[in-house]
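Taken in order, these protein sequences are the chains called A and B.
Residue numbering for the first sequence follows my numbering, starting at 901 and increasing by one per position.
Residue numbering for the second sequence follows my numbering, starting at 901 and increasing by one per position.
Wrong hints could be hidden among the right ones.
Identical chains blur together in the list; that is why a pair holds if it fits in one copy or across any two.
[Stated by the list, open to error] Taking lysine-lysine and the DSS-like style, the derived pairs with C-alpha atoms no more than 25 Å apart in a straight line are:
hint	residue 1	residue 2
1	K932	K1204
2	K1107	K916
3	K911	K944
4	K911	K1028
5	K1200	K944
6	K1204	K1107
7	K1028	K1071
8	K985	K1217
9	K1107	K982
10	K932	K1024
11	K1071	K911
12	K1024	K982
13	K944	K1217
14	K1204	K950
15	K1217	K943
16	K988	K1019
The set of hints was computed from the structure by calculation and includes no laboratory data.
There are 2 protein chains.
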Amino acid sequence: MQNFVLHNQTKILFGKGMVEQLGTECRLHGQKALLVYGRESIKKTGLYDKISTLLSDQGVSFIDHGGVVSNPLLSHVREGIKKAKEEKVDLILAVGGGSVIDSAKAISCGALAQHDVWKFFTGKKSIKATLPLVCVLTLAAAGSEMNGGMVVTHDEKRHKFGTGNNLLNPKTSILDPSLTITVPHDYTVYGAIDAIAHIAEFYFTTKEVAPVQERFMEGLIINIIDSCNRVLQDLSDYDARADLMWCATLALNGWTAAGLGLVGFPMHMIEHTLSAHYNVPHGAGLSVVMPGWMNYMVAKNPHKFNQFSQRIFSHAKPDLVENGYTGVQSLKEIFRKWQAPISLEELSIPESDLPRLARESLPLARNWRMNDYSEEIIHEILRGCL
Amino acid sequence: MQNFVLHNQTKILFGKGMVEQLGTECRLHGQKALLVYGRESIKKTGLYDKISTLLSDQGVSFIDHGGVVSNPLLSHVREGIKKAKEEKVDLILAVGGGSVIDSAKAISCGALAQHDVWKFFTGKKSIKATLPLVCVLTLAAAGSEMNGGMVVTHDEKRHKFGTGNNLLNPKTSILDPSLTITVPHDYTVYGAIDAIAHIAEFYFTTKEVAPVQERFMEGLIINIIDSCNRVLQDLSDYDARADLMWCATLALNGWTAAGLGLVGFPMHMIEHTLSAHYNVPHGAGLSVVMPGWMNYMVAKNPHKFNQFSQRIFSHAKPDLVENGYTGVQSLKEIFRKWQAPISLEELSIPESDLPRLARESLPLARNWRMNDYSEEIIHEILRGCL
């Protein structure tokens, strides 16, 4: 195990009805919030009105900043920063999934900076201060509700860049699984796949032998598959939604990664390029990239893929490499059963685009210090996703 | 899954050499510490001198409060509170295992109270404020380094009572596995058994079906067994010590318990009475009580014991109850292989004492709200430990 520092200060309120505590939690940190959210759906479900009442009951006013899209855009973040500065808000409130929370995080640091917020993403500036952030999660997927990471897409350059800092950790995140009951089949699946991908990145890219963390991660993958299966049987199954939601948070809150040392995000690196250029949902992109990347990796890391195959799917072929491939195939079949895309063709991405995509993945590979990924290698992985 | 609030703010510095940061961490929280520790062993190993230098380099002075014994005593806690008040310390520094950290926690709240500290343990007063606490862990066992629980024994009454509060969570805990290399075979084993017991209490007493938490707990038990086996092969195996240490912390830091709802501590309840009266090491007492309690419970919770037996030991007898007993037997055999006691006889506790022990366990059972444990039931469990 590598040395590590672990200090995740986000307070989690988990369960049905926990949203009732939103006003009190917000009041602990501020009096005037910027309310960041996505589409109008939170107005249709009545959540918007409820939040408005809860805030007002505690004397917290808010400025509206709706309209976050999936693969959230820098331009919209910049607008939010402008509002936050002009209106002198002292708190950011995010109501939504990963895109909304990531936008809110970018606003929380951009609002206290004198320079453009994109400089945090390109590494030209480092984050020194943030406005306090409170989240109400409505989608089990990204894990952003309990970590200090964020990903935003540059509108013109189509760079989907991420960065992280402990200061970006939400003060409080409210995780009420009943708020995810309305999430349809496809986005439920994309969320589950995103969570699996987060774990798989750590699991397969660490150079450490870390048996404690490995069992933890394997347990989460088993439970994500199982709880997603149960949700797809009955979208309103609260217990299944709860298990899936908690797994998605644990997949990326730092608990499993503590002690793993330096890890890479090769699947996210490639997927970010896809979704930035084709605006496919992040989980749909990962559903295609993950099995492709894994198949590329099996022979390079046979022991780990064999373990994955054994412990997740109980496969026991005597040949390690063969057993590893069988595990990847099982995962792909689950994605197929879930009706997620498993080929670039299903995302309408033609083979002729692959050289460009490989080339455009490189800046992110370098940005994330994955220097062993050349244009050729990324191209080869993408060909395996056709 | 039950609703829960999770907010564990302890900062963990894990790994070899992390103790070097002790001075800086202490200086964040105070300038004058009460240094709580156990026997003279930290002087022999040079750790005492090292700590002294690290504190002095950061301008932190300290008052000495050594002499904590295992099953730590209220009288020694009271002495520490007196020193802390007289010397106006603004920080408590614990260097040791669970007994030392628990004593330090009791001092940290007692030093700011106007009444006797024991009232916190009997529930007559609730904790409102604490001095900041920094820990250097030297034993993988109790998990106290990352939670808000503490257990202290009343010298005369021989009541071993525990209580908890978020305010008791250490600000920072330094977990350097290399500091545990000198822990001998027996105490290494007692620590591992204590950690297994913490998990087993949650695992078997929750009334929730909690598949995410269950896999997490099963993974930890597997890893505690495995890493303890490795340590016993070579007491200086750093990686094995590290795995064991991290498991012991995770066994009781609230991560696995979040969502389990109300849980009981029946094994600890019975063991506390044993160790309070016979002063046996806590882990040795648990090594006897755990298989006895489990055997009493198998038929009452066959599904869970079958799952335990299957997932920890790969037992697959078709009859659930029989398979459950086989799992308990496997655990007992591991304790035996580790040379831990597995009968009251080995602890020199005669059968004639059992009625008294059962009777004296009752106040704790009531204190911990385990109302389904009568004197007769406790007596029956104890007979199963003969």
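To see whether the hints hold, each was checked on the structure:
no. : hint             : in the structure
1   : K932 with K1204  : neither (49 Å within a copy, 49 Å between copies)
2   : K1107 with K916  : between (39 Å within a copy, 18 Å between copies)
3   : K911 with K944   : neither (28 Å within a copy, 41 Å between copies)
4   : K911 with K1028  : both (21 Å within a copy, 20 Å between copies)
5   : K1200 with K944  : neither (50 Å within a copy, 48 Å between copies)
6   : K1204 with K1107 : within (11 Å within a copy, 35 Å between copies)
7   : K1028 with K1071 : both (16 Å within a copy, 22 Å between copies)
8   : K985 with K1217  : neither (60 Å within a copy, 66 Å between copies)
9   : K1107 with K982  : neither (43 Å within a copy, 50 Å between copies)
10  : K932 with K1024  : neither (30 Å within a copy, 40 Å between copies)
11  : K1071 with K911  : both (6 Å within a copy, 16 Å between copies)
12  : K1024 with K982  : within (21 Å within a copy, 53 Å between copies)
13  : K944 with K1217  : neither (51 Å within a copy, 53 Å between copies)
14  : K1204 with K950  : neither (47 Å within a copy, 40 Å between copies)
15  : K1217 with K943  : neither (52 Å within a copy, 54 Å between copies)
16  : K988 with K1019  : within (22 Å within a copy, 47 Å between copies)
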